[in-house]
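Participant: Sequence:
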Amino acid sequence: MILLRNIQIGLFVGIILISIVIGFGVFTFPNPPSTDLESSGPPESSGPPESSSPSESINEQDTNRSLNLTKGINYTFFNGTAWKFSELSGNILSGGVPKDGIPPIENPKYVTGSEAASYLSATDIVFGLDYQGAVIAFPQYILVLHEIVNEEFSDVKITLSYCPLTGSAVGFKGHFLTIETTFGVSGKLLNSNLVMYDRDSDSYWPQILGMSVQGDHINQDLETVQLFWTTWGQWYDLYPETQVLSEDTGFLRNYGSDPYGDYNYDNNYYKSGGPFFPVMTSNSILTDKTVVYGVSLNESYLAIEKNALMNTKVLNVNISNQNIVVFYDNQLDVARVYNSNIGDQIYTFKYENGNFVDVNTGSEWNIEGTSSIGSLEPIVYFDVMWFAWYAFHPDTTLIYWVN
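Numbers 986 to 1388, taken from this note's numbering, label the letters of the sequence shown in order.
Each hint should be verified, as a subset may be incorrect.
[Unchecked claim] Restraint-style ranges between C-beta atoms, simulated for each label pair:
1. Val-1344 / Ser-1242: 34 to 40 Å
2. Lys-1084 / Phe-1138: 40 to 46 Å
3. Pro-1244 / Asn-1296: 17 to 23 Å
4. Asp-1222 / Phe-1261: 31 to 37 Å
5. Gly-1347 / Gln-1316: 35 to 41 Å
6. Met-1265 / Asn-1315: 22 to 28 Å
[Claimed, not checked] Here are the simulated lysine to aspartate or glutamate pairs, EDC-like style, with alpha carbons at most 20 Å apart:
7. Lys-1158 / Asp-1233
8. Lys-1142 / Asp-1243
9. Lys-1291 / Glu-1232
10. Lys-1291 / Asp-1233
11. Lys-1158 / Glu-1226
12. Lys-1142 / Asp-1109
13. Lys-1298 / Asp-1329
14. Lys-1291 / Asp-1329
15. Lys-1142 / Asp-1187
16. Lys-1084 / Glu-1100
17. Lys-1173 / Asp-1201
18. Lys-1142 / Glu-1165
19. Lys-1158 / Asp-1318
20. Lys-1084 / Asp-1185
21. Lys-1298 / Asp-1273
22. Lys-1158 / Glu-1232
23. Lys-1158 / Asp-1201
24. Lys-1274 / Glu-1337
25. Lys-1142 / Asp-1185
26. Lys-1173 / Glu-1072
27. Lys-1291 / Glu-1353
28. Lys-1142 / Glu-1072
29. Lys-1274 / Glu-1284
30. Lys-1291 / Asp-1273
31. Lys-1298 / Glu-1232
32. Lys-1274 / Asp-1251
33. Lys-1094 / Asp-1185
34. Lys-1094 / Glu-1208
35. Lys-1142 / Asp-1115
36. Lys-1298 / Asp-1314
37. Lys-1158 / Asp-1140
38. Lys-1256 / Asp-1318
39. Lys-1142 / Glu-1100
40. Lys-1298 / Asp-1251
Bear in mind the hints are in silico, worked out from the structure with no lab data behind them.
All C-beta atoms in this analysis are idealised placements derived from N, C-alpha and C, irrespective of residue type, glycine included.
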């Protein structure tokens, strides 16, 4: 669930990192007070957070604060103020195409994994869905020309969305309040990000927010569904029985040509330069196209640079008074995010001898968040370019890797 509100300057999302070399610990920051989204400005600051151990130091960097830990990990807590709906709506602009000028796929067809293996390369990007018994790979080279696929699983409408301009693939349930709907491509952008419209009221929904910012359904948000950004070779190895979105979409398109470039090479839009369209704010702590994992939880926002997770393998985080753990899935090259609580017990994890081990009992857990103790509840996240995440969430917390 993604919600917006004004965030108090000086109050930050609580974050914790476990270093696989120097040990583990929890570092929590106070949560912001509840404020009205359309209030005239931020309340007064309650002051900076304090360091949780002698090995951590807080340095003032402009109006933001950073924690610098050994072994390459850094946290920055941005104290920007969340946008008002009027500001978001006022910054929606044309992407240069009409409504559904980029046509969504409404009746998707699929081929078997073995059929797809005859023409897909192992390095082709796919967005993997494992939902309600359906295991499907959606090739990026198809979605770049459609951006939305509308499906239905077990009588639940699901929209699979991909925005090439912000490098974000997000799944949504088309249910909110008592409404069941599908989505289309509005032809509009906000912070260079795809703005969807719903077929119920024509309200506008920026993909990264998953919330309506203009129209009859303003302030309604959508439940997200996990899509894993991985490669065909990795997905097919793990799910040999997968289905794959077919090129038989009902549209005449050259699916061998990506207008933005190729994720496997550097000198193109996906890897270098800035956004094509204006953004509401920016920050250069990371390069614009750096991939981060975006987590939204209880009105708090966390970005984890992919390299930080790859190097540490496990992160223990407290965000908005909820303990979560982030595992690095080497097989798919993705993150796995879970609630660290089972009942009243909070589990803290480390990476030891190639295994995820909780320090409470010494039990080993698999990448699905399961052990002999029980199962952890998954939390949805998505890959996104840093510039886009920060443009929507200037009050985010960032965990990143420093060489």
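Participant: Now tell me if each hint is right for this structure.
Facilitator: Each hint, compared with the structure:
Taking the beta carbon of each, Val-1344 and Ser-1242 are about 50 Å apart, not inside 34 to 40 Å as hinted. One distance hint, 40 to 46 Å for the beta-carbon pair Lys-1084 and Phe-1138, is violated here, with the actual separation near 26 Å. In this structure the hint that Pro-1244 and Asn-1296 lie 17 to 23 Å apart at CB is violated, the actual value being about 33 Å. Separation of Asp-1222 from Phe-1261 is about 35 Å and conforms to the stated range, judged on CB atoms against 31 to 37 Å.
Distance hint check: the CB atoms of Gly-1347 and Gln-1316 are about 24 Å apart, inconsistent with the given range 35 to 41 Å. Between Met-1265 and Asn-1315 the beta carbons are some 36 Å apart, a value that contradicts the proposed interval 22 to 28 Å. Among the hinted pairs, Lys-1158 with Asp-1233 is inconsistent with the structure: their alpha-carbon atoms are about 24 Å apart, more than 20 Å. At most 20 Å may separate the alpha-carbon atoms for a hinted pair to count; Lys-1142 and Asp-1243 exceed this at roughly 28 Å.
Distance restraint check for Lys-1291 and Glu-1232: the Cα-Cα separation of roughly 30 Å exceeds the 20 Å cut-off, and the hinted pair is therefore not satisfied. Between Lys-1291 and Asp-1233 the alpha-carbon distance is near 34 Å, which puts this suggested pair outside the 20 Å criterion. Between Lys-1158 and Glu-1226 the alpha-carbon distance is near 24 Å, which puts this suggested pair outside the 20 Å criterion. With a C-alpha separation of about 27 Å, the suggested pair Lys-1142 and Asp-1109 falls outside the 20 Å cut-off, and the hint is violated.
A hinted pair counts as satisfied when its Cα atoms are at most 20 Å apart, and Lys-1298 with Asp-1329 does not qualify at roughly 25 Å. With a C-alpha separation of about 30 Å, the suggested pair Lys-1291 and Asp-1329 falls outside the 20 Å cut-off, and the hint is violated. For the suggested pair Lys-1142 and Asp-1187, the alpha carbons sit about 17 Å apart, so the restraint of at most 20 Å is met. Restraint check for Lys-1084 and Glu-1100: not satisfied, since their Cα atoms lie roughly 34 Å apart, outside the 20 Å limit.
Restraint check for Lys-1173 and Asp-1201: the C-alpha separation of about 17 Å stays at or below 20 Å, so the hint holds. Taking the CA atoms of Lys-1142 and Glu-1165, the gap is near 7 Å; set against the 20 Å cutoff, the hint holds. For the hint linking Lys-1158 to Asp-1318, the alpha-carbon distance of about 25 Å lies beyond 20 Å, and the restraint is violated. As the CA atoms of Lys-1084 and Asp-1185 are separated by approximately 15 Å, the hinted pair is consistent with the 20 Å bound.
Between the alpha carbons of Lys-1298 and Asp-1273 the distance comes to roughly 24 Å, so the proposed pair goes past 20 Å and is violated. For the hint pairing Lys-1158 with Glu-1232, the CA-to-CA distance comes to about 24 Å; that exceeds 20 Å, so the pair is violated. For the given pair, Lys-1158 sits about 18 Å from Asp-1201 by alpha-carbon distance, which is consistent with the 20 Å threshold. Of the supplied pair hints, the one linking Lys-1274 and Glu-1337 is violated, its CA atoms being roughly 32 Å apart against a limit of 20 Å.
Between Lys-1142 and Asp-1185 the CA atoms are separated by roughly 13 Å; this keeps the pair inside 20 Å, and the hint holds. Between Lys-1173 and Glu-1072, the direct Cα distance comes to roughly 15 Å. Compliance with the 20 Å bound is thereby established for this hinted pair. Our distance criterion of 20 Å between C-alpha atoms is met by Lys-1291 and Glu-1353, whose separation comes to about 19 Å. With a CA separation close to 30 Å, the supplied pair Lys-1142 and Glu-1072 exceeds the 20 Å bound.
Distance restraint check for Lys-1274 and Glu-1284: the Cα-Cα separation of roughly 24 Å exceeds the 20 Å cut-off, and the hinted pair is therefore not satisfied. Taking the CA atoms of Lys-1291 and Asp-1273, the gap is near 14 Å; set against the 20 Å cutoff, the hint holds. Among the hinted pairs, Lys-1298 with Glu-1232 is inconsistent with the structure: their alpha-carbon atoms are about 36 Å apart, more than 20 Å. Our distance criterion of 20 Å between C-alpha atoms is met by Lys-1274 and Asp-1251, whose separation comes to about 11 Å.
For the given pair, Lys-1094 sits about 25 Å from Asp-1185 by alpha-carbon distance, which is inconsistent with the 20 Å threshold. Annotation: proposed proximity of Lys-1094 to Glu-1208 is violated, straight-line Cα distance about 24 Å (limit 20 Å). Taking the CA atoms of Lys-1142 and Asp-1115, the gap is near 15 Å; set against the 20 Å cutoff, the hint holds. Restraint check: the Cα-Cα separation between Lys-1298 and Asp-1314 comes to about 8 Å, which is no more than 20 Å; the hinted pair holds.
With a C-alpha separation of about 11 Å, the suggested pairing of Lys-1158 with Asp-1140 holds against the 20 Å cut-off. For the given pair, Lys-1256 sits about 18 Å from Asp-1318 by alpha-carbon distance, which is consistent with the 20 Å threshold. Proposed proximity of Lys-1142 and Glu-1100 is contradicted: the alpha carbons are some 27 Å apart, above 20 Å. Taken as a hint, the Lys-1298 and Asp-1251 pair is broken in the structure, with Cα atoms around 25 Å apart against an allowance of 20 Å.
The earlier numbered hints that this structure contradicts are 1, 2, 3, 5, 6, 7, 8, 9, 10, 11, 12, 13, 14, 16, 19, 21, 22, 24, 28, 29, 31, 33, 34, 39 and 40.
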